[in-house]
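Whole structure, please, built from the sequences with the hints as guidance.
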Amino acid sequence: ETGVTQSPTHLIKTRGQQVTLRCSSQSGHNTVSWYQQALGQGPQFIFQYYREEENGRGNFPPRFSGLQFPNYSSELNVNALELDDSALYLCASALAIVDNEQFFGPGTRLTVL
Amino acid sequence: GQSLEQPSEVTAVEGAIVQINCTYQTSGFYGLSWYQQHDGGAPTFLSYNALDGLEETGRFSSFLSRSDSYGYLLLQELQMKDSASYFCAVSLRGDSSYKLIFGSGTRLLVRP
Chain W
1 ETGVTQSPTH
11 LIKTRGQQVT
21 LRCSSQSGHN
31 TVSWYQQALG
41 QGPQFIFQYY
51 REEENGRGNF
61 PPRFSGLQFP
71 NYSSELNVNA
81 LELDDSALYL
91 CASALAIVDN
101 EQFFGPGTRL
111 TVL
Chain P
114 GQSLEQPSEV
124 TAVEGAIVQI
134 NCTYQTSGFY
144 GLSWYQQHDG
154 GAPTFLSYNA
164 LDGLEETGRF
174 SSFLSRSDSY
184 GYLLLQELQM
194 KDSASYFCAV
204 SLRGDSSYKL
214 IFGSGTRLLV
224 RP
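Residue numbers (the working numbering), protein chains in the order written: chain W, 1 to 113; chain P, 114 to 225.
Derived by calculation from the structure, the hints in this document are not laboratory data.
These numbers were taken from a predicted model, which means no experiment stands behind them.
Virtual Cβ for every residue (Gly too), placed ideally from N, Cα, C.
Each hint should be verified, as a subset may be incorrect.
Distance ranges between label pairs, derived from CB positions [as the list claims (entries may be wrong)]:
(1) P:118 / W:28: 34 to 40 Å
(2) P:157 / W:70: 34 to 40 Å
(3) P:187 / W:100: 35 to 41 Å
(4) P:189 / W:52: 39 to 45 Å
(5) P:118 / W:54: 27 to 33 Å
(6) P:129 / W:79: 26 to 32 Å
(7) P:127 / W:16: 46 to 52 Å
(8) W:54 / P:129: 42 to 48 Å
Set out below in structure tokens:
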């Protein structure tokens, strides 16, 4: 059983650009959540997808959007990048919507200049 | 709003016991989880409590009191490799939505 993977590992963008981050969940995991983690802080919940539909959302603006695909992969899209979007972006997969354990990927480090 | 509080730093000696507390103010509480994160690594799941009481998993135990909106993580027989950040996280369930809200983390330093 492979773990959760994310790509790319690192990314540098400029303000105003758009970015797409990718995640591959563990096989059989129907739920994926995305988090933003600033340095020295806890992960902040962006949203969760269950069977390709958004199932919950944190306090993030609409320029943060996502997609989940039937093959257990997902995307996080961020439009009109701002400097404050610089952070580690983590995805986590789980078997069910409310599951005891979430399996995190290694993250994508996004730097916005 | 939703809020979680945990100490920012804890220092302990190898072989000792340490307790990391977490208090929360939330609506739609479903359960309390604990995650460990080493520097540069991904968070990894440690434990979960949905009901009051103590859950034990090896050297780690977690406790929840729903009436007090309080929980803690207990680490026994501390090892150097336990030096990491520890996050409590509350699961919130709405009518048809779900959120997992993390605290800001407790940095544990284990000294020889």
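Checked hints:
no.	hint	result
1	P:118 / W:28: 34 to 40 Å	holds, 36 Å
2	P:157 / W:70: 34 to 40 Å	violated, 27 Å
3	P:187 / W:100: 35 to 41 Å	violated, 18 Å
4	P:189 / W:52: 39 to 45 Å	holds, 43 Å
5	P:118 / W:54: 27 to 33 Å	holds, 29 Å
6	P:129 / W:79: 26 to 32 Å	violated, 49 Å
7	P:127 / W:16: 46 to 52 Å	holds, 50 Å
8	W:54 / P:129: 42 to 48 Å	holds, 44 Å
Of the numbered hints given earlier, the model fails hints 2, 3, 6; all others are met.
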